[in-house]
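Colleague: The chain contents come next:
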Amino acid sequence: MEVTDQELKIDLQKQGVLMTSLNELYNWGRKNSVWPLQFGLACCAIEMIAASMARYDLARFGAEVFRPSPRQADLMIVAGTVTKKMAPQVVRLYNQMAEPKYVIAMGACAISGGPFKQGYNVLKGIDRYLPVDVHIPGCPPRPEALLHAFMTLQNKIASQPLTGPARPRHLRAGAPSEFSVPQCGPHGLVPPSNPAVWRPPTAAQAG
Amino acid sequence: METLEEICFRIKTALPAARVEIIPNASPCGQRSLLLGREQGLAVATFLRDDPQLRLDYCSNVTGVDWLEPSLPQGFVQSPSSAGLKKEAGEGLGESGTGCLEAVYHLFSMAHKNGPVVLRLRTENRLAAVRLPSLTPVWRSCEFQEREIFDLFGIVFDGHPDLRRLLMWEGFQGFPMRRDYLVADDFECEPTPHGDVPKRMSPRQGCAEVIQKTATADPRV
Amino acid sequence: MRASDEAFFNFETGVNTYLPVLVLFLCAAGFALAPLGLAWLWAKRFSPTKPGPDKNATYECGLQSKWDARIQFKSGYYIYAILFLIFDVETVFMLPFAVVFHRLSVGGCLAMLFFLFLFLEGLLWAWKKGVLTWK
Amino acid sequence: MSAILETPVRAFESVSGAGAGEMLELAIGPHHPSTHGVFRMDVVLDGERVRRLKPVFGYLHRNHEKIAEGQSYLSSMPYTDRLDYFCSLTNNWAYALTVEKLAGLQVPERAEYIRVITAELTRVQNHLCLIGFLLQDMGASGTPLMYAFREREKILDLFESLTGARMMCNYMRFGGCRVDLPTGWMEEAQQVVQGLARFLDEFEALLTGNEILMARTQHIGVLSSAAAVNAGVTGPMLRASGVNYDVRKVDRYGVYDRFDFRIPLGDHGDTYDRYLIRVLEMRESLKILRVALRDLPEGPVMDPKARLRGFRPKAGEAYGRIEAPKGELGFHLISDGSPNPFRYRVRPPSLMNLTVLEEMCMGRMLADVVVILGSVDIVLGEVDR
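Protein chains in written order, with the numbering used here: chain P, 2 to 208; chain E, 359 to 579; chain W, 16 to 150; chain X, 1160 to 1544.
Bear in mind the hints are in silico, worked out from the structure with no lab data behind them. Take the hints with a grain of salt, since some may be wrong.
[Said to hold, decoys possible] No more than 25 Å apart at the CA atoms, straight line, and that leaves these computed lysine-lysine pairs for BS3-like: (1) X/K1408 to W/K81; (2) W/K81 to P/K32; (3) W/K89 to X/K1446; (4) W/K70 to W/K59; (5) P/K157 to W/K59; (6) P/K32 to P/K157; (7) P/K32 to W/K59; (8) W/K65 to P/K157; (9) W/K65 to P/K32; (10) P/K157 to P/K10; (11) X/K1408 to X/K1464; (12) W/K143 to W/K89; (13) W/K81 to W/K70; (14) W/K65 to W/K144; (15) E/K471 to X/K1408; (16) P/K32 to P/K10; (17) X/K1313 to X/K1446.
Just chain P, with the same shape it has in the complex (with noise of 0.2 Å):
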């Protein structure tokens, strides 16, 4: 009866041996302290902060030390309506941040422009400009699904393989780490999306 890896490891465990992987021991370290950037735009600002408050403490997660600064940040959470006057702001942060970094996308205002979608000086979303991790739907989505974004984003951390062409974008060289800031122009963001991050989604025709 051949033994997979993962009932050997759990036998051993129950000894009292713990057997790991360099991969794991690396993910591990890293998934249970993503260090977020104080950055609140909007509303989804004030439950990102009830969310490290005491009742729903996010430092279960390791990440109640929110960094003011993007040099000692590792998570951006994007949570608020993006405007086109502070989008270059957003991704001029971004790319100050140190590799590895994420991004995530909270409320609907930042996936997609939300309710205030048909403003002038909205920004449909935040993915035109910067590669976004988790997205949770929600105006404000609740403490508890902020909670979820961090497993998700969490369970997607321990899955990227150390080596390998599927490795994650901070262990490749060639991958940029950072993205073209765009300008406010005379009438909207000048270029209105990056293509290197962005493109419009074609329609499925159904049936």
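For chain P, the structure is supplied; the task is to place chains E, W and X on it using the hints.
Modeller: Just chains E, W and X now, with coordinates in the frame of chain P:
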């Protein structure tokens, strides 16, 4: 508090040159307003603030309004009785009948704790002559609100200490809150499997030539 | 030789040796530098550095910083800093004075007080010059 | 009077006085831990002293008014939750009050009482958060905010069981409220109100006598009453400067004339007064809540005649205002008889209270600017709309 007619009469006695007119309001709340001539606007405002009986020392709200079609000013506040009044006054309407831009001031008195006195100042038309006297030297609370009206409607306030765009960025062209402003078309709604959503939407072409049509010249210069 | 010296020298070789101190020092240094070395190796092997124009730019609340932060500061700051430095160093000299205070002769006490007076005089000069009041 | 009107020259040239060393021009920018959102202040610093401070707005301008012009009156109600996202129920009430004024609708007795109860709960919750963030700006990172948010969660539970949402309640309609109180809500609310009274004593025991708080806030950011009135400052900030003006007492809207509550007034107009005014206002709100919860009448919650579908007020305009926790929140609606408002204007108290920010911060230390901004209590959703 005195009725609007008394205030109107007191203003005329204090400032004979001022052109003041009462605009009726058909809504049940009955908040009628005073339409002031542009030239005497600042003088009347100072009088309203410094007059011991009125003491309107608190300007709560300044609203910008864009009357696109000329007919609308009467249609909106026109009660049938004062239709005739509009004819000979003639000034309330944009001279060339092209509609006008308007700033509405809601004044309260914190000293006497009484209700709103509504002032209206209208520009000549919507394209070239969009200048109004700024009331910031009288009430400092108008400073940000007038900057916002300049930013979103394009009314230039003479005498404003620091007239810049308040909400949009400096290089932005066009006045978004005007009724004929077309939003740049990055609102393209993601096509759905049904495909015909973009066609149903109202015409929102953001292409360059359409945007050029709306007034984009910087009126301050 | 008194008992305390005895212990210091009495190793097998009976030679005055600093070997244990050296070993301790190397262990401490190794204990500190080993993880750093490993981290440096890991970074070189696994995660490449990706400097970029935006990442190296100064962080100014998300904006592009137009102004240079290196400017001429008011001279008051410099004098304030020097005064602090002097009094900070003075407390270091106070330590031995405090340790042997109960066994000190009158002469020693006077010498220390004279040392303190020197600083007091400096402080009074600074006070009169108005450096301490902050406009 | 003229000294106030002579606003300082705003041209932003680099000012470097002789011998005083150069001035440092700095942007306390859109992304900053202490600006309560995306608010930016361009500051010219002489060492630590502020020589010039120019606020920059617009980073959260979400075009609420333009969107409101394109949709019906009722569909703008959920947008008012997102104006001042700490106090969604007072925003709803201000908008509902203005539309009722515009269309001349009546509100049943029970709905008026529920409006007073929810508004006062919102006021308590808003002042709690403000004090928590004010202490956070002063450096007490975490502890006061934890206390404040612990109590806020209790109030949010009440809102959630009543309206279905914690922060975005969308509860009031033109002519009443959307839904009646669930069973047991009254007892729960009374327990929360008693708990809050005990908590306030504990909170005040910790903070009001604290000498660090007093040292950091007394005589800081002083605002004279004449300057406050002229600059359109309203709410606790105006009353801290000693002006007795509270829209609840002036306009007597809703059923506020049935409750006797006092209006706390400050006499120095500094940051400590603003802190103390908010604590006293919380105590007054709790007094109102006890009385309102006790004699809440029975009856319908929604005016039977009010029509929700196809609501078309007659052509006209109306300006309605209430005493929101941050100040006088007003709505100016112009209708042309169609289901969409012709012009929809929000009078934001936070933006008006920021008019005097530069006067209060002139010549102060940079650390004081942060505390003064905290005491002004701005929320960017309302400032930029």
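Colleague: Are the hints correct? Go through all of them and say.
Modeller: Structure-based check of each hint:
1. Between X/K1408 and W/K81 the CA atoms are separated by roughly 49 Å; this puts the pair beyond 25 Å, and the hint is violated.
2. Annotation: proposed proximity of W/K81 to P/K32 is violated, straight-line Cα distance about 37 Å (limit 25 Å).
3. Straight-line distance between C-alpha atoms of W/K89 and X/K1446 comes to about 53 Å, which puts the hinted pair past the 25 Å bound.
4. A hinted pair counts as satisfied when its Cα atoms are at most 25 Å apart, and W/K70 with W/K59 qualifies at roughly 19 Å.
5. For the proposed pair P/K157 and W/K59, the alpha carbon gap of about 24 Å is at most 25 Å, so the pair holds.
6. Taking the CA atoms of P/K32 and P/K157, the gap is about 9 Å. The hint holds against a cut of 25 Å.
7. For the hint pairing P/K32 with W/K59, the CA-to-CA distance comes to about 21 Å; that is within 25 Å, so the pair holds.
8. About 22 Å separates the Cα atoms of W/K65 and P/K157, which keeps this hinted pair within 25 Å; it holds.
9. Simply put, W/K65 and P/K32 have alpha-carbon atoms about 21 Å apart, close enough for the 25 Å limit, and the pair holds.
10. The hinted pair formed by P/K157 and P/K10 meets the criterion: a straight-line CA distance of about 22 Å does not exceed 25 Å.
11. A distance of roughly 29 Å separates the Cα atoms of X/K1408 and X/K1464; the hinted pair therefore is violated under the 25 Å criterion.
12. Under the criterion of a C-alpha separation no larger than 25 Å, the hint pairing W/K143 with W/K89 is consistent with the structure, at around 19 Å.
13. Distance restraint check for W/K81 and W/K70: the Cα-Cα separation of roughly 16 Å lies within the 25 Å cut-off, and the hinted pair is therefore satisfied.
14. For the hint linking W/K65 to W/K144, the alpha-carbon distance of about 52 Å lies beyond 25 Å, and the restraint is violated.
15. Straight-line distance between C-alpha atoms of E/K471 and X/K1408 comes to about 9 Å, which keeps the hinted pair within the 25 Å bound.
16. Between P/K32 and P/K10, the direct Cα distance comes to roughly 21 Å. Compliance with the 25 Å bound is thereby established for this hinted pair.
17. Distance restraint check for X/K1313 and X/K1446: the Cα-Cα separation of roughly 18 Å lies within the 25 Å cut-off, and the hinted pair is therefore satisfied.
Hint compliance for this structure: hints 1, 2, 3, 11 and 14 are broken, all remaining hints hold.
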